[in-house]
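Between the sequences and the hints, there should be enough to build the whole structure, so can you do that?
In our numbering, the protein residues as written are -1 to 42.
Hint data in this document are derived by calculation from the structure and do not stem from the laboratory.
Do not rely on the hints blindly, as some may be mistaken.
Said to hold, decoys possible - Simulated restraints, written as ranges between beta carbons of each label pair:
id	residue 1	residue 2	range
1	Asp14	Lys40	19 to 29 Å
2	Val15	Ala35	37 to 47 Å
3	Ala42	Asp14	35 to 45 Å
4	Asp14	Leu41	37 to 47 Å
Note that the Cβ used here is the ideal one computed from N, Cα and C, for glycine as well.
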Amino acid sequence: MTKPVPGLHSHSTSADVPPQAILGATHALEAVTHEFAATARKLA
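And the structure:
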């Protein structure tokens, strides 16, 4: 977790999320999707 920015509350919008966090989550999701697809091909 990143340190809270002074002036922002805990219920801040998604616009306050750092781009690195979004890219990291997207990359992780792609990796999971790729693994799932590879497993599905093995089982098919």
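Given the hint of 35 to 45 Å, check if Ala42 and Asp14 actually sit that far apart at their C-beta atoms. 42 Å, holds
CB of Asp14 to CB of Leu41, is that within 37 to 47 Å? Given range 37 to 47 Å: holds, Cβ gap about 41 Å.
That 37 to 47 Å hint for Val15 and Ala35 (C-beta), does it hold up? 27 Å, violated
Given the hint of 19 to 29 Å, check if Asp14 and Lys40 actually sit that far apart at their C-beta atoms. 41 Å, violated
Hint compliance for this structure: hints 1 and 2 are broken, all remaining hints hold.
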